[in-house]
Amino acid sequence: MTPAQPVPAQPVPALSVEHLSVGYAAPGGTVQALRDVSLAVAKGEVLGIMGESGCGKSTLAAAMMNLLPAAARVTAGAVRLNGTDLLRLPRAQMRALRGRAVAMVFQDPMTAFNPVLTVGRQLHDFTGAAPAAIAAMLSRVGIPDPDRALARYPHELSGGMRQRVAIAAALLMQPQVLIADEPTTALDVTMEAQIIHLLRDLRATFDGAIVIVTHHLGVIAELCDRVAVMYAGEVVEVGPVDAIFHDARHPYTRALLACDPAVVDPSSGRLPAIGGRIPDLAHLPPGCAFAPRCAVALPECQTPVPRHSPTPDRTVLCHRGAA
Amino acid sequence: MTPVLHLANLSVDLPGSGFLSRLRLPVLCDVSLSVARGESVALVGESGSGKTTLARAVMGLQPTSGGTIAFEGEAVGDRHGLARLRRAASMMFQDATASLSPRLTVGYLVTEPLRIHGQPLPDPDRLARDLLATVGLPPAMAHRYPHELSGGQARRVGVARALALRPRLVIADEPTAGLDVSVQAEVLNLMADLRADIGLAYLIITHNLALVRHVADRVVVLYLGRVVEEGPTKQVFARPAHPYTASLIAAEPKPDPRRRRADLAIRGEVPSILRRPQGCEFHTRCPIVQDICRHAAPALTATGPGRQARCHFAANQNQQGEHHAMEH
Chain D
1 MTPAQPVPAQ PVPALSVEHL SVGYAAPGGT VQALRDVSLA VAKGEVLGIM GESGCGKSTL
61 AAAMMNLLPA AARVTAGAVR LNGTDLLRLP RAQMRALRGR AVAMVFQDPM TAFNPVLTVG
121 RQLHDFTGAA PAAIAAMLSR VGIPDPDRAL ARYPHELSGG MRQRVAIAAA LLMQPQVLIA
181 DEPTTALDVT MEAQIIHLLR DLRATFDGAI VIVTHHLGVI AELCDRVAVM YAGEVVEVGP
241 VDAIFHDARH PYTRALLACD PAVVDPSSGR LPAIGGRIPD LAHLPPGCAF APRCAVALPE
301 CQTPVPRHSP TPDRTVLCHR GAA
Chain G
1 MTPVLHLANL SVDLPGSGFL SRLRLPVLCD VSLSVARGES VALVGESGSG KTTLARAVMG
61 LQPTSGGTIA FEGEAVGDRH GLARLRRAAS MMFQDATASL SPRLTVGYLV TEPLRIHGQP
121 LPDPDRLARD LLATVGLPPA MAHRYPHELS GGQARRVGVA RALALRPRLV IADEPTAGLD
181 VSVQAEVLNL MADLRADIGL AYLIITHNLA LVRHVADRVV VLYLGRVVEE GPTKQVFARP
241 AHPYTASLIA AEPKPDPRRR RADLAIRGEV PSILRRPQGC EFHTRCPIVQ DICRHAAPAL
301 TATGPGRQAR CHFAANQNQQ GEHHAMEH
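Order-wise, the sequence lines are chains D and G. Per the numbering used here, residue 1 is the first one in the first sequence, and the count goes up by one each step. Per the numbering used here, residue 1 is the first one in the second sequence, and the count goes up by one each step.
It should be emphasised that the hints constitute simulated quantities derived from the structure, not laboratory data. Honestly, I wouldn't trust all of these hints.
Unchecked claim - Pairs of lysine to aspartate or glutamate, DMTMM-like flavour, derived with a Cα cap of 25 angstroms:
(1) G:LYS234 - D:ASP247
(2) D:LYS43 - D:ASP242
(3) G:LYS254 - D:ASP247
Said to hold, decoys possible - If you anchor each label on the Cβ, the simulated ranges turn out as follows:
(4) G:ASP193 - D:HIS246: 29 to 35 angstroms
(5) G:ASP193 - D:LEU117: 50 to 56 angstroms
(6) G:ARG267 - D:ASP247: 42 to 48 angstroms
(7) D:PRO312 - G:PRO139: 47 to 53 angstroms
(8) G:ARG84 - D:LEU284: 51 to 57 angstroms
Note that beta-carbon positions come from the ideal geometry of N, C-alpha and C, so glycine has one too.
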């Protein structure tokens, strides 16, 4: 009798987005910012959400915090944190969870701080943490001389330092999920490298889930375990980071990776581009939204697209399926 | 041949603010560089390195405190010289949408430089159409307003505007900042085409190294307002002579999860110009710092044909690099 193979424990999703559709009312009709998005991020995992402007990644990040703008309407789906649908939570309860259970770090932390209060005062007000704990966290995120930093106003810190303080503020709440929306986009390359290093380093002690939303392919490759690629409001491909970067199945993912100047050999002259532009989200084409720009489109791409699973840990939204 | 643009020992001081208002803060120190006809030179550095100040100084938008600027061999000193420069050199601004007046149509905007310079404009509609065609935009775009444009389109309109006076030099400040990867490629290809077609020279100001590798023949690296390295792009990327350049290249996130960096290439941040370090200004962050770096400022010295670096150990580094290259 052969002993039963140990079944790998299914990772418990800390946060899951289920068939989420979000629209914005606009004069020309409803702009469908998110369409049937399903994603999950597990404890201890770093999930990257990658896509170009207008793909819906920021709307998705906002929905994960239940921070959608007033004009947005959730037309279907749920965002679950430990089984609770955040989108249907009464306002007061959501406010209690936001920051505590799900915390967010924004692109420019300057806008997230109050300019007339010192950093120390704000961190204390946000988190209720003791000054010693705050100082310890600041030094944890690489701020030299934390006591001096606490006495400063936000504008007295550099962009990189503000981002470190924002990350410290988020972590002081010991959230189950940390969402970072373009956390390095406003920074110089040397500071970007340091923030990437910091986030990677934090995984040793932070056991929550991390979601990184960015258009920067290098940041995704350096940081994430899994990647969701978005296009025109849909998740078109999900998979482990290595599979996405080395064995992409969706034509959009492939095209996007191919035109990154960082991967193209400079002696090749011209850079590949993706012709055309993203479709009008108020008047989407029937079938695949990428078909009008797709180099390998088929006649059936005009019809609704099936979601394939080439391997258990990957999905691809394409008529060509696992090809 | 006379370079299109030649800066010799250019310096810019800015007044300090508040109680420092009597101080002059050196923002650019003794910067020399040339851009030849049809050449593309990239000026690289982090925020605060003085790269945008340099562009503004060249265009006469920023008073200089020393050195000279020559355009096609003639000094740009007085109003007359400046007017000539502004006719023959144009600027692509970083925020393309914000640099376009919201109340004017694209058609008017692209022909506006001719109006500003009082040049004959017999058929503005036709010129607008031609300029838009050059940058790959449909003629109907002429009736649009800036807020109706996407980021890539606004950038193209910026290029069309920069081309209206048929310049010989375009100074492009972060030409791809804020653009999506796929649109970035289009703008860079357009810039390369214009260079091949009309022999345009570029001075590209950026912190995006991937962009530099693609579009620049030569690269000039600034740190705290000083040139710390200069050389042909290929050579500099293959064997940086200055540890700062090496750190910048190493710090760039690689879009390949199999090549993740194990450790950090560079620590700390650019010091404030109010507190310039003694000796070599990079020594506070330098991975190979030695005692001499803390008190003696290195000079910009030649490290090879067309190459210079401001480092006490530049020559050694270069030899090390070659050594390395030979081993492989």
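Now the hints, each set against the structure:
Between LYS234 (chain G) and ASP247 (chain D), the direct Cα distance comes to roughly 29 angstroms. Violation of the 25 angstroms bound is thereby established for this hinted pair. Simply put, LYS43 (chain D) and ASP242 (chain D) have alpha-carbon atoms about 20 angstroms apart, close enough for the 25 angstroms limit, and the pair holds. Straight-line distance between C-alpha atoms of LYS254 (chain G) and ASP247 (chain D) comes to about 17 angstroms, which keeps the hinted pair within the 25 angstroms bound. The hinted range of 29 to 35 angstroms is satisfied by ASP193 (chain G) and HIS246 (chain D), whose Cβ atoms lie roughly 32 angstroms apart.
Restraint check, ASP193 (chain G) to LEU117 (chain D): a C-beta distance of roughly 52 angstroms satisfies the suggested window 50 to 56 angstroms. In this structure the supplied range 42 to 48 angstroms is violated for ARG267 (chain G) paired with ASP247 (chain D), their Cβ-Cβ distance being about 35 angstroms. Between PRO312 (chain D) and PRO139 (chain G) the beta carbons are some 52 angstroms apart, a value that agrees with the proposed interval 47 to 53 angstroms. Separation of ARG84 (chain G) from LEU284 (chain D) is about 52 angstroms and conforms to the stated range, judged on CB atoms against 51 to 57 angstroms.
Against the hints set out earlier in the document, violations occur for numbers 1, 6.
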